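> Heads up: the sequence lines are chains A and B, in that order.
Heads up: the first sequence runs through residues 21 to 229, numbered per the working numbering.
Heads up: the second sequence runs through residues 104 to 471, numbered per the working numbering.
No wet-lab data here; the hints were simulated from the structure.
Note that the coordinates shown come from a computational prediction; the quantities given were computed from them, not determined experimentally.
Any given hint might turn out to be false.
Which residues of chain A face chain B? A few of them, derived with a C-beta cut under 8 Å, are [stated by the list, open to error]: (1) E51; (2) E80; (3) R81; (4) G82; (5) E96; (6) D100; (7) Y102; (8) L104; (9) L105; (10) F190; (11) N203; (12) K204; (13) A205; (14) K208.
Backbone N, C-alpha and C define an ideal beta-carbon position, used for all residues, glycine too.
So the chains spell out like this:
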Amino acid sequence: MIHIALPKGRLGEKAYEIFKKLGYGCPEIEEDNRKLIFENRENDVCYFWAKPSDVSVYVERGAADIGIVGKDILLEHGSDVYELLDLGMGKCRMAVAGIKGQRPAADKTLRVATKFPNITRNYYAAQSREIEIIQLNGSIEIAPLLGLSDVIVDIVETGTTLKENNLEPFETIVPISARLIANKASFKFQYDKIHALCEKIQAERNAES
Amino acid sequence: MDLLQSLPRNEESDILRLQKLYARFGYDKFRMSKFEDYALYLQNKDFLKGGSIITFNGPDGRLLALKQDITLSIVKNAQDDKTPCKVYYTENVYRASDDANDIREIPQAGVEYIGKVDVYAMSEVIRLAIESLAAVSDRYLLGLSHMGLVRGLLDAAGLSTDLRRQIVACIQNKAAHELHALCKENGVPAAVEEKLCALSTVFGRPEDCFDALSELVVNDRTADAVRELRDIYSLLCETGNGDCVRIDFSVANDMQYYNGITFQGFVDGTPRSVLSGGRYDELLRQFGRKSGAIGFAVYLDLLPYSRDDSSDSADILVLYDPSDVRGLAAAVQSLQQNGSRVRVQTAQSDGQVFSKVYVYREGRLTTA
Chain A
21 MIHIALPKGR
31 LGEKAYEIFK
41 KLGYGCPEIE
51 EDNRKLIFEN
61 RENDVCYFWA
71 KPSDVSVYVE
81 RGAADIGIVG
91 KDILLEHGSD
101 VYELLDLGMG
111 KCRMAVAGIK
121 GQRPAADKTL
131 RVATKFPNIT
141 RNYYAAQSRE
151 IEIIQLNGSI
161 EIAPLLGLSD
171 VIVDIVETGT
181 TLKENNLEPF
191 ETIVPISARL
201 IANKASFKFQ
211 YDKIHALCEK
221 IQAERNAES
Chain B
104 MDLLQSLPRN
114 EESDILRLQK
124 LYARFGYDKF
134 RMSKFEDYAL
144 YLQNKDFLKG
154 GSIITFNGPD
164 GRLLALKQDI
174 TLSIVKNAQD
184 DKTPCKVYYT
194 ENVYRASDDA
204 NDIREIPQAG
214 VEYIGKVDVY
224 AMSEVIRLAI
234 ESLAAVSDRY
244 LLGLSHMGLV
254 RGLLDAAGLS
264 TDLRRQIVAC
274 IQNKAAHELH
284 ALCKENGVPA
294 AVEEKLCALS
304 TVFGRPEDCF
314 DALSELVVND
324 RTADAVRELR
334 DIYSLLCETG
344 NGDCVRIDFS
354 VANDMQYYNG
364 ITFQGFVDGT
374 PRSVLSGGRY
384 DELLRQFGRK
394 SGAIGFAVYL
404 DLLPYSRDDS
414 SDSADILVLY
424 DPSDVRGLAA
434 AVQSLQQNGS
444 RVRVQTAQSD
454 GQVFSKVYVY
464 REGRLTTA
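Isolated chain B, as found in the complex (with noise of 0.2 Å):
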C-alpha cells in the first residue's frame, strides 16, 4: 500500500504527494534562497500577480525582498541549453497585501519547462498540472485556452493595445454583453465582434468545442492554435486525462508574457483557481533567451482542508501528581507501544478531547 495516499490530507502531505509525482517525471528539486534582488520583481512587476513586494537592505546596501515569485529566479537563470531544464519547486513566497496591513507566507508548488517547447513537452506539463490536481483532490477541472488564438483574432483586427487589453478583460469575465458594446463603440467589425464573443463564451469537453474554435480561424496563427490544443488534448486522452479538461477562454492571461497554451485548475470546494500555468516564451524574450517555457503553479494555501484537526492531537491523555512519578515514564512508553499518541499533563483543560484519560496513581495508570 502506498504510505502516501493513506496519509490524511493536509499541506504537508500534499506537498510530499506534489514531490513524489514531478520526481517521477524526472524533474528535478529547485531549491532557493528566501531573497530574491529588488530590481528582479520591479523590472517585471506586471508577471507578479497582486501582492506588494516585501523588501529591505542587504549588508552591502543593496535592495533586497522577500522571495514573492518563484518562475522569475528560474528564469533568470536558465540557459540555453540543447536540453530542457526540467524543474520542480516546493517554497513559501512572502507577499504583502496592497494596503501592507497583511504580510503572508503562501506555500507554493509547481513545475517549469525551459527548452524547446514540442507538442510532447507541452502536453507532460499539462499532464502534470492534471496529475497535481487528482493529487490534492478528488474532483477537479482544467480549463484550458490557447493565447495564440485570442492573440491571432486581435492581430486580425489591428485593434490599439488599450483596446486589446479591454477585450482581453472582458473574456475573462466571459462578459460577452460588454464585448458587444465595446465593439460597437470603437468600431470594430461585427465578424471580429462576433468571433471575439463567441470565443468568450465557448466552454466545454473540448470534442465539443473543436468545431466551433475551427470557425473562429482566421490567420495562421489562430490555425495553429486550435491545432495545438486538439494535438495536445489527443495526448492528454492517451494517458486517460482528459476527462477533466473543458476548453475555456476565461483562463486566457496577460499577453505581455503568455503566448500559447494556457491553464487554471480548479477544486471543489475552493472558490477560486489553485493552480495556474501557461507557455511564457515572451518571459524568457525579456531575459533575452531564445528558449521556450511552459509550467505551472499550485498555490496550497486555496487548498480546502478539513477544519477538523482531531487527527492532529493525542489519542490518550495521562493525568498525574508531580510528587508522585516514579515509574510514570515506563507506564507512558507502554501505553505509546501499540502506536497511540500519548499526552502527559497535570490537568485536562476544557476543550481537550482525547479517547481514553488515564490517572497514574501509587505506580498504576486506572481509567479516570
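Same shape as in the complex, but just chain A (with noise of 0.2 Å):
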C-alpha cells in the first residue's frame, strides 16, 4: 500500500483529484467526517492530511512513501528526500520585494524580513551580500511599510498583495511549484508501485500540455 501525506489546503484538494483521476481515488477522503487516515485497500492508498511545511518530514521519516509539497518547502528544510516530479501546479515564485521605488543601498547591512531564512541565507551569500535576518511567521509585507526591514522574502503568486500595499517584486530568488516527492527507503521497497504512479502522473502532464 502506498501512504501518501497531502498538504491541507487547495494543492492538495487538486494533488488529489489527478491521484483519483488516475485509479487511485479514495472515497472516505470525500465525505464530509471526522477521519485523519483514510485508505482504500481495493486501490492500495493510503492517504493524510498534514500541514504543507511538515508533508516533507512525514515522507523523510517514512510515516509516508510519497507527498506533495511546495518546492520552497523543500528548499528551506533540506529535506533528504527524492523529488521524483514537478507537478507544475501552485505555481509562484520566491522572490525579494520592498517599497515601490525604493531599492535599498548597496553599501549597508540589508535588514530582510522573512518566513523562510535558510533560502534567504543561501542566496545573499552567493552574492557575498552581509544581511540582517528578521524571522516572521506570517504578514510579512507589513514589515517594510512599518520600518522593520528594507526588504521582503517571500512567495508571490499574482503579485497583488504587494501592490495593494505600494511594495512591488525587485528580484525572483527562484520559481517554486509542487513537487511530488518520496521517501528514499519506500521508493526503493515499492519501486513498482511508485514507479507506475509516476508514469501515469507525467503521461497526464503530457497529454494536458
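Each of the two chains sits in its own frame; use the hints to bring them together as a complex.
Structure, rendered in C-alpha cells:
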C-alpha cells in the first residue's frame, strides 16, 4: 500500500483530484467526516492531510511513502527525499520585494524579513551580501511598511497583495511549484507501485500540455 | 544450531553477528581509542557526514576530539604495503547535532580494505555489505552506483566545479526535472543532458539496467565503470548475493573522496540508508598514499529493533518480607536452576509484568 501525505488546502485537494483521476481514489476522503487517515484497500492507497510545511518531514521519516510539497518547503528544510516530479501546480516564485521605487542601498547591511531564513541566507551568501534576517511567521508584507525591514523574501503569486500595499518585487530568487516527493527507502522497496504512479502522472501532464 | 541465530535481534546480538561475519572472511579487528587529534577531522571535514565535532583540550594543550569517524583513523595509519590492510571494527562514534544541543553516541560497524583493489576485492567487500544487511534484517536492498560513470560524463561535458556539484545533487535526489532545468540554464549540450537525466532515473536489477548504462558510455572512464559494474555483479551472483542489488545512481557519493563503485544499504522498517560505502582512493591520495581503498559502515543506531523489551525482563517475581529471609536464597536458586530469570523484591510496582509471581513466607514459596 502507498501511504500519501497531502498538504492541507487547495494544493492538496488539486493533487488528490489527479490521484483520483488516475485510479487512486479513496471515497472516505471525500466524505464529510472527522477521520484523520483514509484508506482504500481496493486501490492500495492510504491518504492523510498534513500541514504543508510538515509533509516533507512525514516523507523523510517514512511515515508516508510519497507526498506533495511546494519547492519552497524543500529548499527551506533541505529534506533528504527524492524529488520525483514537478507537478506544475501551485506555480509562484520566491522573490525579494520592498517599497515601490525604494531599492535599498548596497553599501549597508540589508535587513530582510522572511518566513524562509535558509533560502534567504543562501541567496544573499551567493552574492556575498551582508544581511540581517528578521524571522516572521506571517504578514511579512507589513515589515517594510513599518520600517522593520528594508526588504522581504516571500512567495509571490500574482503580486496583488504587494501592489495594494505599495510594494513591488525586485528580484526573483527561484520559481516555485508543487513537487511529488518520495521516501528514499520506500522508493526502493515499493519501486513498482511508485514508479507506475509517477509514469501515470507524467503521461497525464504530457497529455494536458 | 548456531547460537547467534537464536539470539533475539538487538544491537548487541547484531554486533556479534557482524563480527563473526567479518572474521569469517579473515578481516582483523581494528580497535581505537575514543580520542583523536582534532586536526585530522578539521583537515578532512568534507569527508565527515553531518554532526559537529566534540572537542576538548588534552593534557599537553593539544586540541582533541571524541572520535567522530573510524575510516579516517584507519586510513591515517595504513601503509602502502604489498599485502592489503583488511580490517573491521565495531566502535561507537560521537557527534553533536549542528545546534550542539544534543550529543550522541552512535554504534557503528564496518569494514575497510586498503591496498591494491581488484575486482575480486571489490566484490568481496560488497558481498560483506550485503551479508551485513542479511545479518540484521530479513528484507533488504543494496543500491549500487559507480562514480566513474558520473565523473566520466561530467568530464566529457567539461563543466564547472559548482555546476558539477549541483548536477550530482539532482542525481542524488532523482530530480530529473531539476537536472533538465539546470542543464538548459547553463547551456549543457542536449546529448549530455539526456545522458545525465537517464543516470538520475535508472533503477532496477542490474541485468535490466546494463543495456541502458552501456548507452551512456562516452569515454574510457565511463566504459571502465560500466565494465566494472558488470564484473562485480557477475561475481556477486556466483555467491548468490545478486538478488538484492539494484542499480541506483542516487547513492552516488562525494566526488572529492569517492572515485569508483559506491553503494548504500536499505532495510525494511528504516526510512534511510543503514549502510553506506564505496571506493575512496581519493581520500588516500590526500594522505599521500598510493594504494586504493574500499569500505563501508553500518549505522546500528538506525536499525529497526522491536520496541518490545519483554525479552530483557525477568520471568518470575518473588516477593518477600525483610523480616523473614531464612531459606529465601536457596528457594530463589532452585527457581533459577531450570533457566528462569528470577527477580526478588519486597513489592511489585505497577507496569511490572511477570509470567509468575510467588510470595515467600515462612520457608515456602506460594503462588501470589
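> Next, verify each hint and record whether it holds.
Hints versus structure:
| no. | hint | in the structure |
| --- | --- | --- |
| 1 | E51 | 30 Å, violated |
| 2 | E80 | 7 Å, holds |
| 3 | R81 | 5 Å, holds |
| 4 | G82 | 3 Å, holds |
| 5 | E96 | 15 Å, violated |
| 6 | D100 | 7 Å, holds |
| 7 | Y102 | 4 Å, holds |
| 8 | L104 | 6 Å, holds |
| 9 | L105 | 7 Å, holds |
| 10 | F190 | 21 Å, violated |
| 11 | N203 | 5 Å, holds |
| 12 | K204 | 6 Å, holds |
| 13 | A205 | 5 Å, holds |
| 14 | K208 | 5 Å, holds |
Consistency with the previously given hints fails for numbers 1, 5, 10, ordered from lowest to highest.
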